Amino acid sequence: MHASYMRWTRWVWFLLLPVSGAWQKGVCAQASPLPVQAHIWRSIPDWYPFDTEKYAGGVVPASIEQTEMRICAGDDPLWGSRSWDDSGWTVEENRYSVLHKDRGIFWVRLWVRSRGDIESLPALVSLVETASSEVYWDGVLVHSSGTPGIDRDHEVPGPLSSLFEIPRSLLGPGAHLIALRMSTYHYNRPDTPQRVVVLNVRADLMASANERRRLYPAMAVGAMLVTGLFVLVMWLVAARQPSLLAFSGLCLGGAALVAINLWRYVYPFRYSWSYAIWFATDAVSIMAAGCMVLFVVSQFRVSRRKWIFVAFVAGEAALAWRNGPVPFGVAAAAFRLDTWTYAFLVAIACSAWTAWRMRSSIASFVSACLALSLYLYARDPINFARTHLLATLLPSLLGFILALATMVRRERRETHEARLTAARLEIDLLKKSLQPHFLMNTLTTLAQIVEEEPRVAVKLIDDLALEFRALAAIAGLKQIPLSRELELCETHLRVMTVRTEKPWRLEVSGVDSSVGVPPALFLTLIENAFSHQRALDGATTFSLRAEAERGRTRYTFVAPGIVNHASEGRQGGMGLRYVRVRLEEGWPGKWTLSQREVFGGWETVIDLGGADSAAAAIP
Amino acid sequence: MRILVVEDEPAIARRLVQFCSKILGEQLEVSVVAETYEAASAQIAALTFDVMLLDLKLQERDGMELLAQSACESFHTVIVSANTDQALRAFEYGVVDFISKPFTLERVEQALRRVQPGGRAAHFARCLGVRKHGRVELISIDDVLYIEGADKYSEIVLKNGRRELHGKTLAAFEAVLPATFSRIHKSFIVRLSAVTRIYALEGGRHEAELKNGLRLPVGRSRFQEIKSRLI
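The listed protein sequences correspond, in order, to chains V and U. Note that this note's numbering has the first sequence beginning at 141, numbered continuously upward. Note that this note's numbering has the second sequence beginning at 1258, numbered continuously upward.
I should point out that these hints are in silico values taken from the structure, not numbers from a laboratory. Treat the numbers as computed from the prediction; the structure is a model and nothing was measured. A portion of the hints provided could be inaccurate.
As the list claims (entries may be wrong) - Pairs of lysine to aspartate or glutamate, DMTMM-like flavour, derived with a Cα cap of 25 Å:
1. U:1279 - V:592
2. U:1279 - V:689
3. V:571 - U:1342
4. V:572 - U:1399
5. U:1279 - V:593
6. V:642 - U:1342
7. V:642 - V:627
8. U:1443 - V:743
9. V:446 - V:689
10. V:572 - U:1408
11. U:1443 - V:627
12. U:1314 - V:630
13. V:572 - U:1319
14. V:599 - V:630
15. U:1314 - V:737
16. U:1314 - V:724
17. U:1443 - V:568
18. U:1468 - U:1421
19. V:642 - U:1421
20. V:618 - V:737
21. V:642 - U:1482
22. V:642 - V:724
23. U:1416 - U:1482
24. V:571 - U:1319
25. U:1314 - V:689
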């Protein structure tokens, strides 16, 4: 699996980055058995604004000549003197050598000299190491980074990064000895500690490098923090859209990622914290990359988005497993590389699929933005989390912002349409209740009943008034309690009982009277029955049965009578259209309505709160 | 007078029957109430009626189906409906009157006057229904050249020479046809615009020549009226 994964990674790099140096950086970094953080010799022009590693990460100036490093376990104050013969020590050719943790005190020695004049010798030394150390220059202690000790209790851990100046008096001509007395008991990681000793350059270059080192990340942290918080508040207050939360997570995660990496330059934390810091870096990386994928799948409503996201998380887990038993430690840089590459590829695939399937120009634009971000990321993955994050993610963030803006515009339009729909529904309901067939027939019946049975006529007037008052009160509402709806139905049935001289009634079972339903939902079904069905003698009972299960409610309504199949209203007349629009208004995309003829009547089944359904489409 | 009330609401049906009884008194021979389309069709097939009072929206069906069928029948149709927006469409089928609900005794009386001899429809028909192979076919009034009375039936003659039998009498047709038609003889109603000449024959008889060259007799008592309308 490892071999196939390597092939896959190589192919991705090969296809995406044929002209960049990322092939060498990415593949070599993964292929190396050693920790690979910023250990690549590079040739980067002076004007390149982002690369602070040139001055602070691992390049020895060309003006300095040095010998190999020699390492010896043990402790002797004489090992720091120029006169000590270290020819018997172990030669470490790799300047980013592996330290042996928990093995007591050990020494490292190397010689440096200027290739030219004295000014070329380092004035400042940058020390990045996961150890406590004392630095001797020609036998003189010039810097202490914590206190090396013979065991964990005696060692006082020093800062991960430190910067110190070599006294001018020690920078004479000729070769100079640098000796480090070290121990590393507080590494706290299961893997091998690493050490980076950088003999660095002139103070002015270091100072400007440090300024740059702080400037760009500070800008990134500020911009992404504000953006992330703004969108988070939007999500909390205005709209609980998953894409808003994901966008906020991406921005805040990005800000956190940079802040964590920047923190060491603001507050030089002890090297014992390095494991926690790197762990946090990788965890935040995964979270932010996951938010990027989550944004795309939720914003574009990619089908089976839950499964896609689960598959993405599973992929991340597989990457963690691939990196061995310590996923957040060993080959941390390579792991981050995989995390973001994988996230970019998944996000691009999802948005491109949406663009192709939905012919969405926004999705196409976002795909292009993500591809550009991936390209930028692949050009320099090492500095992504330190200085390049905002610049790398900027195209994607712009694409996402455009997608969000488009969503807001669409929602405003939908809100406007919804208002119009609500107004139209209100009018529809009032119009339905005032339709001549019902009202005029009732009045004509009333005219007759007044003469025949005045007391029945008075009751009819009461019921009619009750029905109209209720309809006027609920017409503008989106939902009313089911109990109120049932009262309305019973009032209507009393009116119809007088009109048709048949004892109509409604039988309900299993209903929760407090739940909300669209106004006149079942009343409309009753009206439809009177309009499109012929009553049978003795069959004058409507039935309503409710079944609630796992957040869904199913209403089964049966209207008695012989169905007229030729009737338009049974298929999609005004009444049924009203019901469908109301259901869509209250349960957008999460309702179904089906009808069928049953023995002795017509059954309507309404499912509320279920999954998306094509049957929910409004004709 | 024999009246068929097609109404699915019992109280309204009772009211119509009561009003007809009050208005017609002894003249009301039969009043039958049908609550459904099938019941009304069965009554029409079994009995002879002079007037049908029809609700356009029966419980389970659109009353227009029955109206189209009744356009071929001998009786007059009066619509009694709450849906006044269907009035114009109903008049096209040759109904005599359209009573909107709720109605008064006076309004029903006015409608019944229209169906009595000499009465005229509130609006003239724009088409006539004829039975063809068991189905109702509507003929536009504009296509009718003249109508010839034949005992209890009539024969509609179209401009293209086609002849169609119809159940209505000439008197019934007179009530629903527009003023462009005139009864020139006890057996003929003619489209006046189709008359090209009137010939005076021996014995004081007259004949009207139509555009297609056909000559139809003109009744003595109707000659002056026809002449004045043609001039």
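Hint check:
Note on residue 1279 of chain U and residue 592 of chain V: the hinted pairing holds, with a Cα-Cα distance of about 16 Å set against a maximum of 25 Å. For the proposed pair residue 1279 of chain U and residue 689 of chain V, the alpha carbon gap of about 62 Å is over 25 Å, so the pair is violated. Annotation: proposed proximity of residue 571 of chain V to residue 1342 of chain U holds, straight-line Cα distance about 15 Å (limit 25 Å). Pair hint residue 572 of chain V plus residue 1399 of chain U does not hold up; C-alpha atoms about 38 Å apart against a cutoff of 25 Å.
Taking the CA atoms of residue 1279 of chain U and residue 593 of chain V, the gap is about 20 Å. The hint holds against a cut of 25 Å. Restraint check for residue 642 of chain V and residue 1342 of chain U: not satisfied, since their Cα atoms lie roughly 29 Å apart, outside the 25 Å limit. Our distance criterion of 25 Å between C-alpha atoms is met by residue 642 of chain V and residue 627 of chain V, whose separation comes to about 19 Å. With a C-alpha separation of about 59 Å, the suggested pair residue 1443 of chain U and residue 743 of chain V falls outside the 25 Å cut-off, and the hint is violated.
Among the hinted pairs, residue 446 of chain V with residue 689 of chain V is consistent with the structure: their alpha-carbon atoms are about 22 Å apart, no more than 25 Å. Straight-line distance between C-alpha atoms of residue 572 of chain V and residue 1408 of chain U comes to about 49 Å, which puts the hinted pair past the 25 Å bound. The suggested pairing of residue 1443 of chain U with residue 627 of chain V is violated, with an alpha-carbon distance near 64 Å, which exceeds 25 Å. For the hint pairing residue 1314 of chain U with residue 630 of chain V, the CA-to-CA distance comes to about 24 Å; that is within 25 Å, so the pair holds.
Between the alpha carbons of residue 572 of chain V and residue 1319 of chain U the distance comes to roughly 18 Å, so the proposed pair stays at or under 25 Å and holds. In summary, the hint linking residue 599 of chain V to residue 630 of chain V is supported, as the alpha carbons are separated by about 14 Å, within the 25 Å threshold. The suggested pairing of residue 1314 of chain U with residue 737 of chain V holds, with an alpha-carbon distance near 22 Å, which does not exceed 25 Å. With a C-alpha separation of about 31 Å, the suggested pairing of residue 1314 of chain U with residue 724 of chain V is violated against the 25 Å cut-off.
Restraint check for residue 1443 of chain U and residue 568 of chain V: the C-alpha separation of about 54 Å exceeds 25 Å, so the hint is violated. A hinted pair counts as satisfied when its Cα atoms are at most 25 Å apart, and residue 1468 of chain U with residue 1421 of chain U qualifies at roughly 20 Å. Only pairs whose Cα atoms come within 25 Å are accepted, and residue 642 of chain V paired with residue 1421 of chain U is rejected, the gap being roughly 45 Å. For a cut-off of 25 Å, the pair hint linking residue 618 of chain V to residue 737 of chain V is broken: about 29 Å separates their Cα positions.
Among the hinted pairs, residue 642 of chain V with residue 1482 of chain U is inconsistent with the structure: their alpha-carbon atoms are about 57 Å apart, more than 25 Å. Of the supplied pair hints, the one linking residue 642 of chain V and residue 724 of chain V is violated, its CA atoms being roughly 34 Å apart against a limit of 25 Å. Between the alpha carbons of residue 1416 of chain U and residue 1482 of chain U the distance comes to roughly 24 Å, so the proposed pair stays at or under 25 Å and holds. Restraint check for residue 571 of chain V and residue 1319 of chain U: the C-alpha separation of about 20 Å stays at or below 25 Å, so the hint holds.
Between residue 1314 of chain U and residue 689 of chain V, the direct Cα distance comes to roughly 41 Å. Violation of the 25 Å bound is thereby established for this hinted pair.
In summary, the numbered hints that this structure violates are 2, 4, 6, 8, 10, 11, 16, 17, 19, 20, 21, 22 and 25.
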